Structures are given as structure tokens and as C-alpha cells.
Amino acid sequence: MKLAVMVNEGPYQHQSADSALQFVRAALSKGHEIFRVFFYHDGVNNSTRFPVPPQDDRNIVDSWSKLAAEHNIDLVVCIAAAQRRGILDADEAKRQGKDGNNIAPGFRISGLGQLIEAGIQADRLVVFGD
Amino acid sequence: MAEPWEDDEVEGPVFKFLYVNRKAPYGTIYALESLEVVLIAAAFEQDVSLAFVDDGVYQIKKGQDTAGIGMKNFSPTYRALEGYDVEKLYVEKEALEERGLTTDDLIVPVEVVSRAEMADLMDEQDVILSF
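If you read the sequences in order, they're chains S and B.
Take the first sequence: its position 93, counted from the start at 1, is 255 in my numbering, and no numbers get skipped.
Take the second sequence: its position 16, counted from the start at 1, is 32 in my numbering, and no numbers get skipped.
If you're looking for bench data, these hints aren't it; they were derived computationally from the structure.
Watch out, some of these pointers could steer you wrong.
As the list claims (entries may be wrong) - Simulated pairs of lysine-lysine, DSS-like, Cα-Cα distance not exceeding 27 Å:
{"#": "1", "chain 1": "B", "residue 1": "Lys32", "chain 2": "B", "residue 2": "Lys104"}
{"#": "2", "chain 1": "S", "residue 1": "Lys164", "chain 2": "B", "residue 2": "Lys32"}
{"#": "3", "chain 1": "B", "residue 1": "Lys78", "chain 2": "B", "residue 2": "Lys109"}
{"#": "4", "chain 1": "B", "residue 1": "Lys88", "chain 2": "S", "residue 2": "Lys260"}
{"#": "5", "chain 1": "B", "residue 1": "Lys88", "chain 2": "B", "residue 2": "Lys77"}
{"#": "6", "chain 1": "B", "residue 1": "Lys88", "chain 2": "B", "residue 2": "Lys39"}
Keep in mind that this is a model prediction, so the values were computed, not measured.
Could you build the full structure based on these sequences and the hints that come with them?
Written out as C-alpha cells, the structure is:
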């Protein structure tokens, strides 16, 4: 089955990101295709490369980046939600006149159209949030 | 000038999209960002419905005044949805009653459906986005 995933909460404070990661891993292991993971609301905070969680804790952002690299998964961050919350790639930082960017490897910033397209293209769109 | 996120329209079959609004309009950003999805998604010309359940019914309540909390009152935007061909708005009857509201309290015309009918409506959809 072709699956799309939406993540609506940031890492650590809510379990949504952990659940979404575990769902994606489980789906891949069963041979399903992940069409896209779309990050919205505080879910965009999954895509900053700067978190430094305690060493004995899981690193959620790194887990996403690793998953994207290993399985070629399209991780898309909503641009409108990202701009509100200070998530920038190099192009956006330049465009907005900011002095740096913080996007983690494997993520890309794009529009809400990518969410609607995922809803159309995938057999199921699975939403993780509160 | 077209913004970079405005060029990703897709052509193809029409799907039934339902946006389920569950939260009060202020206090969290879910309602506002849900509305942003609905407005952007309108460009895709899908078969769109909105559902208001739980505290989500407060999103379309008349007489919202946000002056005291320093936030924008975005409720007039719901009245503009018609211009985006988003005309199917469903409100759960029990959610209204539990909050002492009637359709006279709402800023847009809606269809009131029972909790059971809302479940049927969800069953008919291709894609459900819950906010």
C-alpha cells in the first residue's frame, strides 16, 4: 500500500513524532511504500538540526534524517508553519534576510499543496497529532 | 509574483476531503492553521467538506472579540469560504447543544447533523484531516 503520513506535533513534548516514526518503520518493514511525510503545526519542529537531547534519550530529528537517507523518504515541512516557528533552509534564510538556517538533512521546505497531493496520490493518509 | 509554494497544483481525479475542526479558535493554533490548509487546498478543486465538532463549533460562533488577547479575529474568513467553493459545512448537533448554542449563534449557514450522521459522513470520505 502507498501511505502518506502527516505529523502535527513537535518532538518530545508529545508522542506523535515517536508514533509516526515507529509507524513509518513498521510500514516499511511490511513492504509498504511511504509516499511522503508532511510536517505541519508544531510538527515542523521535527526538522531543526539543532536539538541536543540527553545521550541516554532517543534523537528524534536524527532518526528522521537517517530514515530519509536509508529509504529515500520525502520529508516535507510546511513553509507557512515553518516560517512562524523559525525553521529555515538556506534559500529561505536568504529570502527572509535571516543570519542562518537550521533545517536538518533529508527535510525540504515546501507548500501545503504537497499535503493535498499526498492525500490524492496515497492510498491512505495517516495523521499523527493530538 | 507567484510564491514558490503556489505552483504545486495537481490535476487528476476529484477526491472527497473532509476537514474536521475539533478545537476552540484561540488558545491553540490548530483552528487558524486548519483554515490555512482549507484555503490553499481550494486551488486543487477537490470535493471539500468542513466538519465542526467538540469545541470546534466555537470557531464559527458570532461576536468573537479578540482585542483582549492580542490575536487577530479570523472568524470573518469562514464567511469567505463560499468564494472558494467551500460550501459544505457540517456541525454536530450534540456539540452545539452541549454548549448551549443554536445555528442562530453561527456566522455561516451550516447543515446540522447528529453524531451518528457525522460518522456516516466521515465514512464517505477519501481523505480526512483532523485538526
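Checked hints:
{"no.": "1", "hint": "B:Lys32 / B:Lys104", "verdict": "holds (11 Å)"}
{"no.": "2", "hint": "S:Lys164 / B:Lys32", "verdict": "holds (18 Å)"}
{"no.": "3", "hint": "B:Lys78 / B:Lys109", "verdict": "holds (17 Å)"}
{"no.": "4", "hint": "B:Lys88 / S:Lys260", "verdict": "holds (25 Å)"}
{"no.": "5", "hint": "B:Lys88 / B:Lys77", "verdict": "holds (15 Å)"}
{"no.": "6", "hint": "B:Lys88 / B:Lys39", "verdict": "holds (17 Å)"}
When held up to the earlier numbered hints, the structure conflicts with none and fits them all.
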